[in-house]
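K.L.:
Could you slot chain B onto chain A? The hints should help.
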Amino acid sequence: MMIDQIPTAFLFFAGALVLLALPQGRLRGVLLLLVPILAGWQVWSLPFGNLQPVSFFGFDLELMRVDKLARLFGLVFCLSAFLGNLYAWHVRDTVQQVAALLYAGSAIGAVFAGDLITLFFYWEGTAIGSVFLIWARRTEGAFHTGMRYLIIQIGSGVILLAGVALVYRETGSIAFEKMTLGSLGTWLIFLSFGIKAAFPLLHNWLQDAYPAATVTGSVILSAFTTKLAIYALARGFAGTEILIYIGAVMTIFPLFFSEMENDMRRVLAYSLNNQLGFMVVGIGIGTDMALNGAVSHAFAHILYKALLFMGMGAVLFRTGTIKASELGGLYRTMPLTTILTIVGAVSISAFPFFSGFVTKSLTFAAVGNAHLWVIWGALVFASVGVLSDTGIKIPYYTFFAHDSGMRPKEAPTSMLLAMGLTAALCIAIGVYPAPLYALLPYDVDFTPYTTGHVIGQFQLLMFALLAFAVLKRAGIYPAEERAIYLDTDWSYRWLLPRMIRWIATLTGRIWGGTTGMMHRRVQNIIAGLYHSHGPEGRMASVWPTGSMVIWIAVLLGVTLIVSFFG
Amino acid sequence: MSDPKDNPDTYPALGRMLTWVDKPGNGNRIFRALIVVCALLFVADFVIERHGEFEIEDLPGFFAVYGFVSFTVLILAAKALRGLIKRPEDYYGDKAIDREDYPKAGLDEVRYDD
Chain A
3 MMIDQIPTAF LFFAGALVLL ALPQGRLRGV LLLLVPILAG WQVWSLPFGN
53 LQPVSFFGFD LELMRVDKLA RLFGLVFCLS AFLGNLYAWH VRDTVQQVAA
103 LLYAGSAIGA VFAGDLITLF FYWEGTAIGS VFLIWARRTE GAFHTGMRYL
153 IIQIGSGVIL LAGVALVYRE TGSIAFEKMT LGSLGTWLIF LSFGIKAAFP
203 LLHNWLQDAY PAATVTGSVI LSAFTTKLAI YALARGFAGT EILIYIGAVM
253 TIFPLFFSEM ENDMRRVLAY SLNNQLGFMV VGIGIGTDMA LNGAVSHAFA
303 HILYKALLFM GMGAVLFRTG TIKASELGGL YRTMPLTTIL TIVGAVSISA
353 FPFFSGFVTK SLTFAAVGNA HLWVIWGALV FASVGVLSDT GIKIPYYTFF
403 AHDSGMRPKE APTSMLLAMG LTAALCIAIG VYPAPLYALL PYDVDFTPYT
453 TGHVIGQFQL LMFALLAFAV LKRAGIYPAE ERAIYLDTDW SYRWLLPRMI
503 RWIATLTGRI WGGTTGMMHR RVQNIIAGLY HSHGPEGRMA SVWPTGSMVI
553 WIAVLLGVTL IVSFFG
Chain B
1214 MSDPKDNPDT YPALGRMLTW VDKPGNGNRI FRALIVVCAL LFVADFVIER
1264 HGEFEIEDLP GFFAVYGFVS FTVLILAAKA LRGLIKRPED YYGDKAIDRE
1314 DYPKAGLDEV RYDD
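Residue numbers (this note's numbering), protein chains in the order written: chain A, 3 to 568; chain B, 1214 to 1327.
Just so you know, the hints here were simulated from the structure itself, not pulled from any lab data.
Do not take every clue at face value.
[To be verified] Calculated cross-link-like contacts (lysine-lysine; reagent style DSSO-like; alpha-carbon spacing at most 27 Å): (1) A:Lys-411 x B:Lys-1317; (2) B:Lys-1317 x A:Lys-474; (3) B:Lys-1218 x B:Lys-1317; (4) B:Lys-1236 x A:Lys-474; (5) B:Lys-1218 x B:Lys-1236; (6) A:Lys-474 x B:Lys-1218; (7) A:Lys-70 x A:Lys-180; (8) A:Lys-411 x B:Lys-1299; (9) B:Lys-1236 x A:Lys-411.
Chain A on its own, in the form it takes in the complex:
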């Protein structure tokens, strides 16, 4: 078959070229749906192994390393590209259409990269492809945000390349396999993955950029970059202990921010960060069950997170705002969007019979097997947090709470279709997880639905809901306010410009001071000379005689020297 000879990523790039040849309209929409279907079918039918070895400047590149781990991520990336493009059916913007294909293609290329150089190229490809989904908003604010995003993403790639070069010098190999932290090279690669995975303190590009993207752009953004980083960590650093602690911190600190935040898409970006934490913990533990947990969680998470971004996108599309303080009561005229968003909210909260439950439970079981009780306690707390800041907050403030008086029309059919399909998948995985379990990298010997487990989970979530109701009725639960909240982006959006301005002012002052002093000194000399030699000066009164005497003295001196040597 012809199609087997083409790396999956190239199908997306070819699709982008064909797209440009087509007229704007439905034909392009169909193409945008066909490419991920074709690619998904290809990934599904490929055999395992290194299928596309290529020689490149003396390096042996592996463009298609297919195994269970890569195939799972390849499949879910194709699936989410399809759902995202269906959601964006109404978009008539070439920039966004091409960017979506290049971005998804790069992410899929990176997943199948068997060596670090190929990984680097695709790693940067995702940065460049995705930034246009932010710039396509076409406002000055989005341009600045996109720039910040691009600098950080490209920076991650440059650090990766530096790490790869060092590792190559050390080991003579560019194969992308499991690594052990130790040398500078591996630490750099780890840092580069950590930036894209939004580790604590490296995270803020995510919450800065995703709310700035277009209505459909943030749906597509939510799927790829961070989950590519999760894949890379699972491939390269499984069982690295430090990841357990990084992940645990990651599950908790974003909760406080998403609890406060007013921009609903930024709330989702924070809760996305929290979800990544669960996966990072699983990768850090590194047992078969923990890795299965991390990877299946990534799969389920891509779907329900996309669903939530779709719901919020539909609200933005119809009302022009996505600020909690301005929204409320939309269930009246957008009931389908309301219900579908709630399916996403319930899934991310890991209610039994929804996808979050059957995947996150694997990670919890793995944490239990490893007897990490502090980590376990932190993750249970974080699970309550997810319910609070996404499960409750997103649907409650948008569709219920106080009536904003807005009566927008229901989301367009294409959006509803995309949301409906995604919601159906969230429920299907939750009710019947066996097919997903079968795709996981290791054999699954786990039953999520035991009476004790289900009751325990329901207790946790329902009592948290009860706490919400009690706090709400007591007037303690905070209302949303029009405001922003400081995070690490403060350091480069507020502090750094001011430091540069301060240093510039200081240098300016010092420069001005010293040059001014020199200037005054020279002027003093001139003034002094003028005073003594100027027309009014003392020397000037005897000028003719004085200078005549000097010149005669000079002449006499010269004559004396000449006659002496002559």
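P.N.:
For chain B alone, coordinates are given in the frame of chain A:
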């Protein structure tokens, strides 16, 4: 709600059904139902046996208490933190997305009855 055109009878059928939640007294009904569900779940712990990975999980009502306390702690902590790091929307200047309206060209703002 001051919109004179607003007529609940013309909402989509599903939306009309959902207006049940805003009818007087129904908020209390939902709250009472929630209490009943929670009470049943709590009692269930004494009826069925639960065996988790950790001994503490097997304490009856452990998850109930953990859920309620965690939620409360989170809300109170976030409220306290809000006082420290809240800033006006124009804190980073006017060239930030928090200060801009989303461009109309990318939207389709339609009322439900238009």
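K.L.:
Hint compliance check: list the failing hint numbers for this structure, sorted ascending.
P.N.:
2, 6, 8
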